[in-house]
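Asker: Going down the list, the sequences are from chains A and B. Residue 169 is where the first sequence starts when you use the working numbering, and the numbers rise one by one after that. Residue 169 is where the second sequence starts when you use the working numbering, and the numbers rise one by one after that.
For the record, the hints were derived by calculation from the structure and aren't laboratory data. Please note that the accuracy of each hint is not assured.
Since the list gives no way to pick one copy over another, a pair counts as held whenever it fits inside one copy or between any two copies.
Calculated pairs, DSS-like style, for lysine-lysine (alpha carbon to alpha carbon, straight line, at most 27 Å) [unchecked claim]: (1) K180 x K324; (2) K188 x K342; (3) K230 x K188; (4) K342 x K324; (5) K348 x K240; (6) K184 x K324.
The chain contents come next:
Protein chains: 2
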Amino acid sequence: AGLGGIGLDTSKGIVKAGPKNLVILDRIENPAAIAELKAINPKVTVTFYPYDVTVPLAETKKLLTTIFAKLKTVDLLINGAGILNDHQIELTIAINFTGLVNTTTAIMDFWDKRKGGPGGAIANICSVTGFNAIYQVPVYSASKAAVVSFTSSLAKLAPITGVIAYSINPGITKTTLVHKFNSWLDVEPRVAELLDEHPTQTTTQCAQKFVKAIEANQNGAIWKLDLGRLDAVNWTK
Amino acid sequence: AGLGGIGLDTSKGIVKAGPKNLVILDRIENPAAIAELKAINPKVTVTFYPYDVTVPLAETKKLLTTIFAKLKTVDLLINGAGILNDHQIELTIAINFTGLVNTTTAIMDFWDKRKGGPGGAIANICSVTGFNAIYQVPVYSASKAAVVSFTSSLAKLAPITGVIAYSINPGITKTTLVHKFNSWLDVEPRVAELLDEHPTQTTTQCAQKFVKAIEANQNGAIWKLDLGRLDAVNWTK
C-alpha cells in the first residue's frame, strides 16, 4: 500500500481490520502518516520501505526478498501507484502501467505455486477511466484500461499461478491527483474544474469500500468504487 | 505504414487504391518489398524512412518535419508497429503503447487545427485482444487495451483537434508475430500452438478488409478484422 490520497485512508482501514503486518511502499517517507497508522492499532506492525515503481524488475525483486525474509509470509499486494498528468506520456505509462506489471511480475517469484510458492492475492488500483475514458486525458485513461485488462488476465491465470487478482476502480475522488492536472496537448485546459462539477466521493468513502473489497477477496472481480458505493462490474462483451 | 505481415499486404492494397504518395516507416529497410510496392502502381510515389517508434518524441517530430516538407500534405497516419513477446515487458509497452501515443502526439504539431493545421486521419492497428484478452499474454493484451482506449479518446477529441481516428483490430492472423511467442512467466509454453488451433485468417484477407476500413474513414469506429470479415464493434458499457 502507499500513502497517497486514497492510499492513506485505505491503510487506516486496513490497520483497523488488524492484520499482523502492514508494509507501506512509497517513493517518499512520511513519518507522520506512519506514526498515525501505528497509533490506530498497536497490534499491527507497520513498516515503511522507499519504493519507486519505475525501477528495474531486478531491484523490485531485491526489495521483495528483504520484505519476505522479514515477514516470512505476505498475503496481499496492493498496487496503487499512479499519476494523472497527460503532459508526461512516458512517466504516466511507466508508473500507472509498467510499474504495476513489474511489481506483480516480481512478487510471482515468491508466490507462484509452480515454484512451490503459497499463492497470494493482488489488489490493483485501476480506475473507472479504464472502461469509461476521460478522453481529455487519453494517455492516463489508456494506462488504466491497460491495468484493468492486465488484472483480469491475472485472475484467469490464478489456477496456474495460485495468485488471485481483482481490480479496484475508483470514480472521481477528491484527492490531490484530481485537484489540478494537465490534459493531453491542453485539449481541455479546464478539465480539472469540469471534473469537480461532477458528483464525487471523499477518500474516506472510497477507502471504506476499498477495505470491503479486500475482505471479499474475490478473484476476477472488477470493483467500481464510485459515489461512495461499491459495485461489481459485470463485463459482457 | 510498415512492412510487417499485415503491413506489407495492406501497403499493397493501398498502392492499388492509388494515393499520390505512400511513405513507409519501419525499423529496417526492405528494398525488395519497396520495389514490389512500386511495381504494383507506378503512379504512386513510394518512399521509405527508417523509424523506430521507441525514439524520443523530439526525434519523431524531426522525422515528420522532413516528411511534411517533402510531401506538403499527409492525409493518413497508420500506426502499426507491434511486438508479441510477454518475456519483454518494457519493450512490449514501449512499442505497442508508448510508441503509438508518441507518434500520434508528434503528428498533432502538423495537423492540429488549433495550430492552423488541416486535420488528418489516424488508423491505429490495435487487436481484438484489446477487448478480449489472451490472458496467457497479459502484457501484450493490456498494451492493446490501452491503444483501443487511446484511439477512442482521440476520436472524441476530433471536434477540438480536427484529427479523426479509428482502430483496426485484427483477430488471430497468420503472421510471423503469432508463429512463435512467449507467454508471461511461461504460464502457457504452448500458447502459439494453441492459438494455431483456432480458426485464423491470412494476412491477405486481413489487408483487404483493412483497406476497406481506411476507405470508410469513419471517426471513432472500432473495426474488428477477424476470420476474413470486417465488423464495426458497438461498444456499450
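Asker: Hints first: check each against the structure and report whether it holds.
Answerer: Evaluated hints:
In this assembly of identical chains, the alpha carbons of K180 and K324 never lie at most 27 Å apart, being 30 Å within a copy and 39 Å across copies at closest. For the homomeric pair K188 and K342, neither the shortest alpha-carbon distance inside one copy (30 Å) nor that between copies (52 Å) is at most 27 Å. With identical chains, the CA atoms of K230 and K188 are at most 27 Å apart within one copy only, with a shortest distance of 23 Å there and 56 Å across copies. For a Cα distance limit of 27 Å, the shortest separation of K342 from K324 across copies, 25 Å, qualifies, whereas the shortest one inside one copy, 33 Å, does not.
For a Cα distance limit of 27 Å, the shortest separation of K348 from K240 qualifies neither inside one copy, at 41 Å, nor across copies, at 38 Å. Taking the shortest alpha-carbon separations for K184 and K324, neither the intra-copy value of 31 Å nor the inter-copy value of 44 Å comes in at or below 27 Å.
Consistency with the previously given hints fails for numbers 1, 2, 5, 6, ordered from lowest to highest.
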